[in-house]
Amino acid sequence: MSAAEHATAGPANSTEYITHHLTHLRVGEGFWSFHVDTIFMSVLLGVVTLGLFYSAGRKATVGVPGKWQAFVEMVVEFIDTTVKEVFHLDRSFLAPLALTIFVWVFLMNAMDLLPLDLPGKVAALFGIHYWRAVPTADANTTFAMSLTVLLVVLFYSFKAKGAGGYVHELFTAPFGSNPVLWIPNFVLNLVELLSKPVSLAMRLFGNMYAGELVFMLIALLGAGVFTLTFGSAFGFFGQVAMGAVWAIFHILIITLQAFIFMMLTVVYSAMATEHH
Amino acid sequence: MDINATLLGQMLVFGVLIWFSWKFIWPPLTKAIEDRQKKIAEGLAAAERGQTELQSAHGEAQVIVNAARDQAKKIVDQAHKREVEIVDEARSTAMEEGKRIVDSSRQDAAQEKSRARDELRKDVASLAVAGASRLLQREIDPKAHADLIEQLAREIEGGVTMHG
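As they're listed, the protein sequences go chains R and Y.
Using the working numbering, the letters of the first sequence map in sequence onto residues 1 to 276.
Using the working numbering, the letters of the second sequence map in sequence onto residues 1 to 164.
Everything labelled a hint here was simulated from the structure, so no lab data went into it.
Just so you know, not all the hints are guaranteed correct.
Covered stretches of chain Y (in silico footprint by chain R; criterion: 3 or more residues with CB under 8 Å from a CB of chain R, positions within the stretch not fixed) [as the list claims (entries may be wrong)]:
no., segment
1, 2-15
2, 18-31
3, 35-46
Derived EDC-like pairs (lysine to aspartate or glutamate); straight-line CA-CA distance at most 16 Å [claimed, not checked]:
no., chain 1, residue 1, chain 2, residue 2
4, R, LYS159, R, GLU169
5, R, LYS159, R, ASP80
6, Y, LYS122, Y, ASP147
7, R, LYS159, R, GLU274
8, Y, LYS122, Y, GLU155
9, Y, LYS31, R, ASP80
10, R, LYS84, Y, GLU34
11, R, LYS59, Y, ASP35
12, R, LYS59, R, ASP80
13, Y, LYS113, Y, GLU157
14, Y, LYS31, R, GLU77
15, R, LYS161, R, GLU274
16, Y, LYS31, R, GLU274
17, Y, LYS122, Y, GLU157
18, Y, LYS122, Y, GLU150
Quick list of the computed label-pair ranges, beta carbon to beta carbon [claimed, not checked]:
no., chain 1, residue 1, chain 2, residue 2, range
19, R, MET263, Y, GLN51, 41 to 47 Å
20, Y, GLY50, R, GLU85, 55 to 61 Å
21, R, SER199, Y, VAL16, 23 to 29 Å
22, Y, GLY43, R, PHE71, 21 to 27 Å
23, Y, ALA61, R, MET263, 56 to 62 Å
24, Y, LEU8, R, THR19, 24 to 30 Å
25, R, ARG58, Y, GLY50, 17 to 23 Å
Positions of the beta carbon are idealized from the N, C-alpha and C atoms, including for glycine.
All chains, full assembly: derive it from the sequences and hints.
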């Protein structure tokens, strides 16, 4: 029933099955270790999407567009309009950033919709025993993205207010410029600033991790189907029905999470350029 | 949720993706969209211009048609006038000609009549002489009796005139 069966030892019970599915293919020791599955999947998806978008951009005609070009342009226009409504400065960098986030996160999330054991089975063909297919269910990915977004937000803060202006604002807003209030102001601003990447990363990670876990639990419903008892048959139909419902619901979640991540990035950037 | 160097790797990947999208994907796509928008706007403007031109052409054509109609009417009127003139002219010419013909024939008839009368008178005179000679069984000298014959001829002529 699962990729785990191809591992050195098959899963003895549900706990082992889930633990197995939550284990990354890991290289290295301590902090200096890498999740190969996460990096491989995210790079693969990034290259495939950007490659497709790049080909659409290269072959873009001013005349009647092909179907793929029309779709890509629809996505681009949707993102551009969304960014334009929120961010009022030059958006030649922020808009492609938003596009990258939306499309990349959407596709990484979409890996959740692959049959749960399929990536593991494919990996097993290459003699790999652990393979998690959803890069956004790895906190490393979501924090990597949210910290990069934090850098972008800081960049826009400095760009809009200048270094002096931004530091001045860190110490004087929101309570006032009285020296007594400098420390409270700064602490509050620091908390506000750091809460942005944490909330961004944790929201996406939590949603995808929980989603994956629910898929695993649903998969376990049908685990005993080959025992051919009434209970196992009931469990199997439960797996099919609930798996379908959860997968359909998940289509909404993965899109929504990708959009939220993109939207909040744009909103944070827009807030960074506003003067208090 | 264990954080490790994967984070750094993913930041690098994300950065590269953003850079690629920023430099190579966004510009050509937005350019294509904007160019098309411009093209469509131009097309719409051209269509509107064409419509306006069509309307003004319609107006001009109407003016030309009206002018042509006026001219045609003028020409027809002129032709009518000329027709009446020609008919009048022909009528007066014909009447003059007719009158001339009637006059000349009347003259001819009068001439013919007087000539016939003269001839007749002569014939009557010679007949009267011949008749009288027969009656008298002898020659009459027309000269000696010219007065008598002349009178007779005039009487006959008077009778002819009375009956004629």
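How the hints compare with the structure:
{"no.": "1", "hint": "2-15", "verdict": "holds (count 13)"}
{"no.": "2", "hint": "18-31", "verdict": "holds (count 12)"}
{"no.": "3", "hint": "35-46", "verdict": "holds (count 3)"}
{"no.": "4", "hint": "R:LYS159 / R:GLU169", "verdict": "holds (14 Å)"}
{"no.": "5", "hint": "R:LYS159 / R:ASP80", "verdict": "violated (21 Å)"}
{"no.": "6", "hint": "Y:LYS122 / Y:ASP147", "verdict": "holds (14 Å)"}
{"no.": "7", "hint": "R:LYS159 / R:GLU274", "verdict": "holds (11 Å)"}
{"no.": "8", "hint": "Y:LYS122 / Y:GLU155", "verdict": "holds (13 Å)"}
{"no.": "9", "hint": "Y:LYS31 / R:ASP80", "verdict": "holds (12 Å)"}
{"no.": "10", "hint": "R:LYS84 / Y:GLU34", "verdict": "holds (15 Å)"}
{"no.": "11", "hint": "R:LYS59 / Y:ASP35", "verdict": "holds (14 Å)"}
{"no.": "12", "hint": "R:LYS59 / R:ASP80", "verdict": "violated (20 Å)"}
{"no.": "13", "hint": "Y:LYS113 / Y:GLU157", "verdict": "holds (13 Å)"}
{"no.": "14", "hint": "Y:LYS31 / R:GLU77", "verdict": "holds (11 Å)"}
{"no.": "15", "hint": "R:LYS161 / R:GLU274", "verdict": "holds (9 Å)"}
{"no.": "16", "hint": "Y:LYS31 / R:GLU274", "verdict": "violated (29 Å)"}
{"no.": "17", "hint": "Y:LYS122 / Y:GLU157", "verdict": "holds (11 Å)"}
{"no.": "18", "hint": "Y:LYS122 / Y:GLU150", "verdict": "holds (10 Å)"}
{"no.": "19", "hint": "R:MET263 / Y:GLN51: 41 to 47 Å", "verdict": "holds (43 Å)"}
{"no.": "20", "hint": "Y:GLY50 / R:GLU85: 55 to 61 Å", "verdict": "violated (36 Å)"}
{"no.": "21", "hint": "R:SER199 / Y:VAL16: 23 to 29 Å", "verdict": "holds (25 Å)"}
{"no.": "22", "hint": "Y:GLY43 / R:PHE71: 21 to 27 Å", "verdict": "holds (23 Å)"}
{"no.": "23", "hint": "Y:ALA61 / R:MET263: 56 to 62 Å", "verdict": "holds (59 Å)"}
{"no.": "24", "hint": "Y:LEU8 / R:THR19: 24 to 30 Å", "verdict": "holds (26 Å)"}
{"no.": "25", "hint": "R:ARG58 / Y:GLY50: 17 to 23 Å", "verdict": "violated (35 Å)"}
Going down the numbered hints, you'll see the structure goes against 5, 12, 16, 20 and 25, while the others check out.
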